[in-house]
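Student: The primary structure of each chain is shown beneath.
2 protein chains.
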Amino acid sequence: MVDLSSALKASAENVEEKLKSILSTDDAPERRLIEAMRHAVLGGGKRLRPFLTLQCAGLFGVADQSALRTACAIELVHCYSLVHDDLPAMDDDDLRRGRPTVHKAFDEATAILAGDALLTLAFGVLANPATHANPGVRADLVAQLAKAAGGHGMVGGQMIDLQAGQEDLTIGAITRLQRLKTGALIDFACHAGAILGRAPEPAREALRGYAHDLGLAFQIADDLLDVEGSEDETGKAVGKDKSANKATFVEILGPERARAQATLLATQAADHLAMFDKKADLLRDVARFVVERRH
Amino acid sequence: MVDLSSALKASAENVEEKLKSILSTDDAPERRLIEAMRHAVLGGGKRLRPFLTLQCAGLFGVADQSALRTACAIELVHCYSLVHDDLPAMDDDDLRRGRPTVHKAFDEATAILAGDALLTLAFGVLANPATHANPGVRADLVAQLAKAAGGHGMVGGQMIDLQAGQEDLTIGAITRLQRLKTGALIDFACHAGAILGRAPEPAREALRGYAHDLGLAFQIADDLLDVEGSEDETGKAVGKDKSANKATFVEILGPERARAQATLLATQAADHLAMFDKKADLLRDVARFVVERRH
Numbered sequence: 001m002v003d004l005s006s007a008l009k010a011s012a013e014n015v016e017e018k019l020k021s022i023l024s025t026d027d028a029p030e031r032r033l034i035e036a037m038r039h040a041v042l043g044g045g046k047r048l049r050p051f052l053t054l055q056c057a058g059l060f061g062v063a064d065q066s067a068l069r070t071a072c073a074i075e076l077v078h079c080y081s082l083v084h085d086d087l088p089a090m091d092d093d094d095l096r097r098g099r100p101t102v103h104k105a106f107d108e109a110t111a112i113l114a115g116d117a118l119l120t121l122a123f124g125v126l127a128n129p130a131t132h133a134n135p136g137v138r139a140d141l142v143a144q145l146a147k148a149a150g151g152h153g154m155v156g157g158q159m160i161d162l163q164a165g166q167e168d169l170t171i172g173a174i175t176r177l178q179r180l181k182t183g184a185l186i187d188f189a190c191h192a193g194a195i196l197g198r199a200p201e202p203a204r205e206a207l208r209g210y211a212h213d214l215g216l217a218f219q220i221a222d223d224l225l226d227v228e229g230s231e232d233e234t235g236k237a238v239g240k241d242k243s244a245n246k247a248t249f250v251e252i253l254g255p256e257r258a259r260a261q262a263t264l265l266a267t268q269a270a271d272h273l274a275m276f277d278k279k280a281d282l283l284r285d286v287a288r289f290v291v292e293r294r295h
Numbered sequence: 001m002v003d004l005s006s007a008l009k010a011s012a013e014n015v016e017e018k019l020k021s022i023l024s025t026d027d028a029p030e031r032r033l034i035e036a037m038r039h040a041v042l043g044g045g046k047r048l049r050p051f052l053t054l055q056c057a058g059l060f061g062v063a064d065q066s067a068l069r070t071a072c073a074i075e076l077v078h079c080y081s082l083v084h085d086d087l088p089a090m091d092d093d094d095l096r097r098g099r100p101t102v103h104k105a106f107d108e109a110t111a112i113l114a115g116d117a118l119l120t121l122a123f124g125v126l127a128n129p130a131t132h133a134n135p136g137v138r139a140d141l142v143a144q145l146a147k148a149a150g151g152h153g154m155v156g157g158q159m160i161d162l163q164a165g166q167e168d169l170t171i172g173a174i175t176r177l178q179r180l181k182t183g184a185l186i187d188f189a190c191h192a193g194a195i196l197g198r199a200p201e202p203a204r205e206a207l208r209g210y211a212h213d214l215g216l217a218f219q220i221a222d223d224l225l226d227v228e229g230s231e232d233e234t235g236k237a238v239g240k241d242k243s244a245n246k247a248t249f250v251e252i253l254g255p256e257r258a259r260a261q262a263t264l265l266a267t268q269a270a271d272h273l274a275m276f277d278k279k280a281d282l283l284r285d286v287a288r289f290v291v292e293r294r295h
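Top line first, the protein sequences correspond to chains Y and P. So that you can map any letter, position 63 of the first sequence is 63 in this note's numbering, and since no number is skipped, the others follow by simple counting. So that you can map any letter, position 76 of the second sequence is 76 in this note's numbering, and since no number is skipped, the others follow by simple counting.
It should be emphasised that the hints constitute simulated quantities derived from the structure, not laboratory data. Treat the hints with care, as some may be off.
Each pair may be met inside one copy or between any two copies, as identical chains are not told apart.
[Claimed, not checked] Once the Cα atoms are required to be at most 30 Å apart in a straight line, the calculated DSS-like pairs of lysine-lysine come out as:
id : residue 1 : residue 2
1  : 46        : 147
2  : 46        : 278
3  : 147       : 18
Between the sequences and the hints, there should be enough to build the whole structure, so can you do that?
Tutor: Rendered as structure tokens:
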């Protein structure tokens, strides 16, 4: 049996290598932009979303290269969203993964452009024939990513989150906010494996259920880390949600009930995977991992 | 013979209608974002890039719906780039098309997110089966747009432009800058028509030549307007290039030689279209129009 932490490490290394080659530098006058993109993407992160894509693709025997390129495209989108979220006009963070954020290491204009270019690149990677021989699969990946990451997906969630401090959100409204802000891209990370593998509907349905519960568990755990974690452990500023008066699950439920809810969701997530038998063991382990992690 | 200004007007109306339906509002909590996107996109602009796509698609008998959706996707990218360029950290403009820029009408965070969502939406529109029945065509549109708009395309050009004030650029370097910053998307606007129409290589080559010369002519004319135009005519602040110490064609060549160069390029652009005979008359007219326009 493969151990999750070794599997995560091996996967993160593969993703890092591929991201490096996708973000290769040259001597063009726009190299400052490429350097900022590399700063945003390389050398860090758990690479959780790519891991989900690789594991889900593995359930359907998808070719390594297809899965890896798709996983990288999703990580590019995740990284662009962090670069823009960290900007002074947004969350105004100086630290990310223990390093200066892009607008600190470079400047604000470069950070805006680097985010834009990363998002654009993600779509370019998916649409490239190297990602999958079947253009229908490529076009579907692009369409689904656009939906997950767009105005009624991740960016929409970020918009609601920015306004959330101004009003008291119900648990239903927070759930929707988080479904969009972090859930949609996690859903797509799983769904992409099924698209690549042209999986039958029952398998897609199972992965949708898994991704849905995993995404919420992940977000609650993240809120708990913001309350309970230390800056050293998380590599970013903590206690920000409270000081920004942001509505979170922890704020409404209290830490104990929030932790119980996260654990329940993680168990539920794993339960969706019955049909995949042992092949989904690492995905089950991930569900436990996201609620137990300390960073 | 159809007159260019009526053709531009009719085309802009069709594009406006379609953009409205693409950017439809609802009562979702993220509606502020959609409103900001609509502010950025609707109610203005010459819609020059969509016109190019529609005209080029027309050379190959592309279905109206395919051409119109693709034209709208390109306009979404153009509008997103304006929203981000106008931000305080970038060009810091308060006025666009005679109206407050998005960060003025809303706020900075909303402008950043609206730009992100518009870019994402553009790819979603292209990848949607409604745009073309052939998924290979859709995937190709996405791949080529990503190239034109990305780090070695439009965004790369914007990066170089931001640094340009700091150094004296040669005419070669400015040409490269403009090829990326405005040329790449104009190229794609023309090329998209050929992709949709599965045009043979000689036709693509002709359109590449046309788009190349048109893009440069357009940019020189734009620089001239910044020097010679009035705020009333252009609907945006003028004289900004000089005050920002930006390297432009006009700065290096002087207004007279710059105008002569733009006129020459416009003639050259039209000359590339010989093989299309009368079908390309409006595209020839556009080349003249971009250098003669007062706004």
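Student: Each hint needs a verdict: does it hold in this structure or not?
Tutor: Tested hints:
In the homo-oligomer, the alpha carbons of residue 46 and residue 147 lie at most 30 Å apart both inside one protomer (24 Å) and across protomers (28 Å), since each shortest distance falls under that limit. Taking the shortest Cα distances, residue 46 and residue 278 sit within 30 Å of each other inside one copy (23 Å), while across copies they are farther apart (59 Å). Proximity of residue 147 and residue 18 under a CA criterion of 30 Å is satisfied in both settings, with 25 Å inside one chain copy and 19 Å between copies.
Against the hints set out earlier in the document, no violation occurs for any number.
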